[in-house]
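So you can see what is in the structure, the chains are spelled out below.
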Amino acid sequence: MAPVLELRGITKAFPGVLANDHIDLTLEEGEILALLGENGAGKTTLMNILYGLYQPDAGEIFVRGKKVEIHQPNDAIRLGIGMVHQHFMLVPVFTVTENVMLGVESMRYGLFLDRRKAADKVREISKQYKLEVNPDDYIKDLPVGVQQRVEIIKVLYRKADILILDEPTAVLTPQEVEELFKIIRSLKAQGKSIIFITHKLKEVMAIADRITVLRQGRAVGTTTPAEATMEKLAQMMVGREVELVVRKKEAKPGDVVLDVENLHVVDHRGTPTVRGVTFNVRAGEVLGVAGVQGNGQTELVRALTGLMRPEMGRIRINGVDITNASPREILEQGVAHVPEDRQKDGLILKYPVHDNLVLNTYYVPPFAKGLNLQFQKIYEAAAERAYEFDIRTPNIYVPVSTLSGGNQQKTIVAREFSRPIRLLIASQPTRGLDVGSIEYIHQRIVQKRDEGCAVLLVSPELDEILALSDRIAVMYRGQFVAILPAAEATRQQLGLLMAGVTAAEAMAAEEAPAAVEENPAL
Amino acid sequence: MAVAARNAELTIARRRHVGTGVFFLLVALLILAFFVRTTAPDLTTTFGLNPARLTTALKLPDLVLPSLPSLWFLTVVCAFLGGWQLAKGFRSTGWALGVVAFAFVAAFLIWAARGKSMNLVGMLSSSVLRSIPIALAAFCGILCERAAVINIAIEGMMLTGAFMAAWIGSITHSLWIGLLAAMLASGLLAAILAVLSIKFKVDQIVSGTVINIFATGLTSYLSAKFLQVYQNLNNPGIFKPIPLPLLSRIPLIGPVFFEHNIIVYITFLLLILIHVMLFYTRWGLRTRAVGEHPKAADTLGVNVFRTRYINVIMGGLVAGIGGAFFTIGSVGRFDEVMTAGKGFIGLAAMIFGKWTPLGAFGSSIIFGFADSLQTKLQILQVPIPSEFLLMAPYLVTMIVLAGVIGRAVPPAADGQPYEKQ
Amino acid sequence: MSEQKERALQNSQDTRAQALARLLLRPARGSLWQAILLPVLAVFTALIIGALVIVFTDVQVLNLYKDFFAAPGKALAASWKSIASAYSALFKGSIGNPAEFANAFSVLRETGDTAPLRQAFWPISESLVTSVPYIFAGLAVALGFQCGLFNIGAEGQIFIGALASVYVGYSVKGLPQYIHLPLAFFTGAAAAGLWAAVAGLLKAKTGAHEVINTIMMNYIAFLLSDWLLNGPMKRPGWSPISPAIQDSAWLPKFFPDPLRFHAGFFVALAIAALVYWLLFKTTIGFEIRSVGANPDAARYAGISVTRNFILAMFLSGALAGMAGANEVLGVNHQLASAFSSGYGFDSIALALLGKSHPVGVVLAALLFGTLRSGATRMQSLAGVPIDIISILQALVIIFIAAPAIIRWLYRLRLEREVGETVFTRGWGQ
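Protein chains in written order, with the working numbering: chain A, 1 to 522; chain B, 1 to 421; chain C, 1 to 429.
Mimicking BS3-like on lysine-lysine, the simulated pairs with C-alpha atoms at most 25 Å apart in a straight line are:
#1 K344/A x K205/C
#2 K188/A x K200/A
#3 K344/A x K295/B
#4 K350/A x K420/B
#5 K121/A x K182/A
#6 K344/A x K420/B
#7 K234/C x K173/C
#8 K67/A x K159/A
#9 K81/C x K66/C
#10 K74/C x K225/B
#11 K225/B x K66/C
#12 K159/A x K121/A
Simulated from the structure, these hints should not be mistaken for lab results.
Chain A on its own, in the form it takes in the complex (with noise of 0.2 Å):
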C-alpha cells in the first residue's frame, strides 16, 4: 500500500539560504514521524510547503500514492493535509467556534453566519477526542493549553487525516506536553497519520514511532526510538557531538545587587501581570525565572530595566532605588539587559552594526565629544567586539539586519557584556537559536556570573533553566510561586508550580516519586 504521504526531492532556497535540499519523507498511515532538527534546521519550510504556504523550487508531493500540487492552503485542506502552527493561528477576540468556522462557515438562509450550527459540531469533535472546550469562550481568555486544542479541532473540523503539529510543545508545562502526548495517541488510535516536528530529544523518543532527523536543510537520516539514543541523536541533529550540559563551576553568591520589594505592574490595557513579586538576585549567581510565557515574566523584566513604569513596589539596585527611574537611568547602574525579542526591542535593523554595539553607549566618551559623535573610535570599538564575540559579518558597516539570527543575538551579547555591568537580565536568550549559538551564549552568561556579576534569566525552557540557574523561581500568573535552590529542583515539581499548582501540594506530589519514573514527556 502506498504511504498516505510521500515527499520526493522537495527543495526551497530564500535568498542566501537553501532551506531545503532535496529532502525526501514517507509517512505511513496511521503512525507518528518525528521530524527532528535544530532550529534553522529547515522544518518549518518543509511543513508550511506541504501545506501550500510557500511554493517549492523542485520536488513532488504524493498524497496517497497520487501526486499533488499544493498552491495554497486551500489546497492542502482537501486533501486531509491539517496544520497545527507553532505560533497558533487563532484570532484572540473570536470565540473558539468563530475561529473553527473561520473559512467554512455554517450559513443560514445562505447569508447568515450559523454560529450554533459550528459550536454543536465543535462540541461533538470535543467530545469524540476528548477535547476539552467550550464553543463560546474567547481565545484571549483560554489559556496556552487549551487554545492548542481549540487548534487541534480546527484540523479535524476541516476532517483532515493528515496532522501536522508544528513545535507543539513549545508553550506547554511538562504536564500540558503530558496531555498533549495522550492526545495526539487517540487521534493515532482513530486513524489519523501525525507529523510531530521538534527539535526536543526527549519528546522524540517519548512520542515517536519513526523519526526523520533534518540538518542544515538536508534529511540526515531516518530510525526509530527503539533503535536510537538521545546521544546519537542529538550527534545526527547537529552534526557533532553536543555536550547535553553545561558545565560550570559552584556559585559563590556575594552581596546582593537586585533587590525587588512587592512590586506590581499593570499593563497597558489595565490589567494587573506582576502581581507582588519579591525576591533578590546576589552577585555571582543566576537566578532563573521559570514559567509558561504570558504569566507576567515580561512585563516583570520591562519594569526592572524601566520599560514599564510599576504601579506599586521598590526595586533597588546595589542599594539604589531604581523603582522609578528612567531605562537610562538604570543602564547607567549597570544593568544590561537582553531583551526577549532581539528584533523588537534589541536592535535597530536597518542600523549599521556599528551603531548598534554603540546603541546605549553612544553619548559618552569616548564615542562622543560634547554632542559630536567620535566616528572613528565608534568604528574601532565595533571591530573590537565584533571579532571578540565572534560576530560573523563581512564588516561593521553592513546593516545588522542582514545578520543571521545567532549573529544578531551575539551582537546584542556583545553590546550588553562588554560595559562594566553589575547586573545582567537575560530574557529567552537562545529563543530560536541554532545549538552553536546556544551554546556560545550560555558560556557568555556562566562567564559573567563567575566574574561576579548577579543574573536575572527568564526563560520558559525548563532546560536553559536547570541548566544555567543557581536558584529558580517559578512564576504563575503575576507571582512567584515558589523560590528553590535548582539543587533540590526536580522537573516535575517545578512543571506543577509553572501549572498553578501551590507549593505545598508540589512538594507532596514529589513524595510519590512513581509519577516521575513514568512521566514519558520526560
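Assemble chains B and C onto chain A, guided by the hints.
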C-alpha cells in the same frame, strides 16, 4: 498573598483615576468662571422643541430654563462627580465622563442663549445633517481598517466625489448619475490606494497622503479649467429633503432625523447594513479575521489580499457618497478644497466609535454638533469670534483623540502590509 | 620553546589584526548614478503624465480628437503644440528666455543699461526666491521623517511662523537690523516650533497620531490667522492685511527691482547644513534617527522617545516657521489673509524626493521652486492651472514610494532600499 495582591490592585485602580476627578472639578470651575459669572440673575433660556414649520403630530411646549440656577445646578453636578471620584472613585468613569461632557455643553448653550430663545430642534437637525459626511467617512474608515488597511485618503476621495457629483450631475442633469460618478471616482482612487498599499506595500500613511495631494490637485485643476469657466458645469442642483411618512411626524425625533434628503437615509441604511454585514455574515467574519490576524485567515484559505482589495474599494464607494453629499446633498456647487478636513474628522469618529458602525455614527453626531455650533450661535450673537466657533470641530477632534487612544483597541494588524513570503 | 610560543602568539595577533582590518574595511559605495536614477526617472515620468493631463484637458485639442480618424495629424500636431506651449512657458517662466538673455547682454554692452538684463534674470531670481521656503519646509518634513513623524502640518506652521514674524516685524521699533531681523526670524521659528510641539506632545503622551492632529491644527492655524488679520493685527483700512514690517526687519536684497532675490536663500542653505550636522554628526541626531527607525529599541537603549518626539516636532515646526518668516521678511514684508502658500503640502513630496536627506531636500527644493515659479507663468501664458504642480508632485511621490512601478516601466534593476521609514504604527498605544 492573594488577598494582599487584590487590595494592592484596588489601590492602584483608584490612584489611576485621580486625574479624572481633578478634570471634573476643572470643568465645574470653568462653568463657574465663564458662564455663571457672566450671567445676570433674572434671565431665562428658552429652547424650542418644535421645527420652524410645524410638521410633527404634536406640538411640544418650549423648554424654558432659568439661566443662572440651571448653570449653578450643572456646576454642582460636575463638582459633585469630581468630588465623588476623588473621595471614593467610580468603578467605571465612562458614564461620569459622559455626564460631565454633557453638562458642559448644556451649560454652554444655556449661557449662549441666556435671555433669548434657541431652536434646539433646528440645532440637532443641522447636527445630524453635518454629521453625514463625517459618518460616511468613518464608515469608509471602518471598512478599510477592519481589513487592516489604514485609509487617510478619505479626505481626497470625498473631495473627488464632491467634484464628480457636481460635474457629472451638471452634465447629465441627473443627480443620481452624479452620485454614481462620485462613487466610481472615489472607488477608483481607493483602488489605487489598495494597489499601492497592498501590492507595492507602500507605507499606508504615505500612499494615503499621495492620494490626498493628487485629489486636491486634480479637482482644483479641473475646477479651474472647467467649472469656473463654464458655470453651467457646476450647477447640478441638490437632492431635496423628503420627510419620511409617519416617522417624520414623531415629535422631536421626526424633524431631527427624518426630514432630510436621500443621502442621509442612505447613510442610515449603510449604518445598519455595515453593522449586520460585519458581525453576522461570512464576509464580516473573514474581514475581521484579516484585520486581526491575517496569517491565521490565510492558513484557513481566506484570501487576505482579495479581502483587502474588496474592502478598500467598498470603502471608496462609501466615501464617494460622502463626497457627493458636499455638493449635490447640500450646497449644490463645487468649491475647491470644500471637504475642509471632514475625512480626517471621520477617522477620529471611527476611532472614538471603536471601529464599530454604531459607535462611529454616534461620535459623528457629536462632531456634527460641534460643526453646527458656529452657524447657530452666530444668530444668537454670542460674543465669541466666529473663527473660534469654527475651530470647534477641529478642537473636539484633537481632544477626543487625545482622550480615547490607548483605551480604544484597533484591529490588531491595522496598517501592516501582509507578507505572504 | 619560548620562541615557538612567541611565534604562535604573533600569529594569533596577526589574524586578530587582519580580522579587525577586514571588519573595518569599508565596502565600495554604490554609484551616484544609481542614487539619482530613481528620482530623475520619477520626475521625468511625472512630467510625461502631466503632459497627458494638459492635452486631455485642453478643450481645443479635445475637439480636434473628435475628428481624429479624419485628420489624425491635426489632432496630434495640436496636442504637441499644447504640450510645447505649456512646457516652454514653464521653462521661460522658471529659467528665462535665451533670446532675452542675448538681447540683454548686447544692450548692456552697447548702452550700459542693466534694466533688460535684470528683466532677463528675473525668472531665475523668482525660481530661487520660490525655492527658499521649499528648502525650509522640505527640511521640516524631512526632519520629522527622520524621527518617524509625519508632519502634515507644515502649512499651518508656516502660518504661525509668518504671524509671529510679522508681528515682531511691525510692532518692535527702533532696533538695529542685526538685532531686529534675527529676532523676527527666530521668533517666527520658535512660535511655529511650539505650535508643532503640541502634536509631538500629544503623540508622546496619548498616542494620538500626528497626522490627524497636525491637519486639525492646520485648520485651527488658518482660522487663527483669519481672526488676527481681521482683528488685532489688521492695518487700518478695509483689507485683512497686517501693517508693513519695519525696514530693519527686512532680509537684505542684493539687486534692484524687479529682482527679489534676497539673503533668505543663503540662510536656507546654512540651515540645511546645520540640519545635516545635527542629524548625522551629533548625539541628538543619533537619538532622533534611532527613535524614527525603531522606537522600541531606542527606548530600550535609554533614549527617551517622548522627549525626542517633542523635540523633533519642535524642530520640524521651527523649520516650517522659518519658511513663513522668510516669506514675510524677505518677500512680502507684510502678511495678508489669503497668504495660503501650499508650500506645506508640497514639502511632503519634496522630502520624499530628497530621501529625507538635507542635500536631497535642497536639490528637490530647487527643482520644485523652479517648477512652481514656472507654473505661474504657465498659468498666465498657456492657461494651464497652477494646480498641475500638485498633480505632478503626487505622481513623483508615488514613483518614489513605489519604485517597483519605475522599475517595471523602464525594465530596470535598481538596488532595493533597506529599511524604509515606517509611519504607520496603527493609531498609537
